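Protein sequence lines, in the order shown, are assigned to chains A and B.
Its first residue numbered 1, the first sequence is counted upward by one per residue in the numbering used here.
Its first residue numbered 1, the second sequence is counted upward by one per residue in the numbering used here.
None of these hints come from the bench; they were simulated from the model.
All of these numbers come straight from a predicted model, not from anything done at the bench.
One should not assume that every hint holds.
[Said to hold, decoys possible] Short derived list, chain B residues pointing at chain A, Cβ under 8 angstroms: (1) C12; (2) Y46; (3) G108.
For glycine and all other residues, C-beta sits at the position ideal for the given N, C-alpha and C.
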Amino acid sequence: DVKVTQSSRYLVKRTGEKVFLECVQDMDHENMFWYRQDPGLGLRLIYFSYDVKMKEKGDIPEGYSVSREKKERFSLILESASTNQTSMYLCASSPPTGMNTEAFFGQGTRLTVV
Amino acid sequence: DAKTTQPTSMDCAEGRAANLPCNHSTISGNEYVYWYRQIHSQGPQYIIHGLKNNETNEMASLIITEDRKSSTLILPHATLRDTAVYYCIVRVGFLSGGGADGLTFGKGTHLIIQP
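For reference, chain B alone in the conformation it holds in the complex (with noise of 0.2 angstroms):
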């Protein structure tokens, strides 16, 4: 079962921030979320994380609601370079069994920056 939902595509303005949503209704309390992206072929490459305080680093910016229910990733001046497939995955922070979880991915969105 997926996680998350995000769209199946979007669009952008290059110099405009580019906004990409991902719905994650079933999170638990334990878990991170998580956004990567996949430039064409290239590896899946880490953007950023967060539980539920906002995140910025120098790629991006991660805001998730306070329900933590939904999250939205911003790159806040999109670049052509920033075409790409995007996404949004939860992972749990500890396995009190020990183990690990499979990091499991979805489908992802497709962003595409235009001129």
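Bound conformation, chain A alone (with noise of 0.2 angstroms):
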């Protein structure tokens, strides 16, 4: 059975800390993704990686950073959380892209800041 595990399903943090999300796949998957979801603004892809060290930016990388040092897991930082990253934050592997296969999503972490 196929899995992404996302460390914490529920998060409070305060404004001003450093924040670490964290994501592991085991399915040896080559691509990760990291996403927020806010009501009516659907998923938004923040950044993704397609190899161990590699990072790319995706729509919002503002105030986020990544971390890819082996291959089965992806974290996403919140170098000084702010009251706007407050959201669903939302974890996926899938294998190369030219095999068209598809995506799988971990269950996702509700980080609060306060």
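Given two chains presented individually in distinct reference frames, assemble the corresponding complex, making use of the accompanying hints.
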């Protein structure tokens, strides 16, 4: 059974804190993605990675950074959390582009910044 | 820029076929059409994808027009559990320079199945 696991389902952090959201996949996928989801805005791509140590900006990278030191793990970092980063964060992984197969998503982390 | 356009919401009666349209008029030759759905409080789930031929699996059918500028996802016998947000996206099949494409979603269609 394929799995994308996000470390926390719910998280509450204070403004200005450094926040790490962790995502691990067990499918040996090359591609990994981070999204945020807000009411009325759909899923918006923050960053993605197609290989270890490789990263690409998505549509809304401002205020975020990522780390991919190992193939199975993709971390999203909020250097200094702000209230406008309160959101649902979703991680996904997929085989390499060109294999035309699906992406698999984690269950999401609901982050509240107070 | 959004690559796809979908209605914001749709209703369908339980037991009837749900037909969800998607416009992707700027699709290029190497891009596939994918459909995902997201049930409340869960991560999105893959449904089906296609290039130019119609496709069918155990969940749904995908009809792509001959010019590939639009497609329709068909849930043949909708149930209450099919109430979800449905996303239509396009994704390249191959990148000649390597790397990867970002998997970009839009706002999707909120399908509500009525009892």
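Looking at the structure, which of the earlier hints fail to hold? 1
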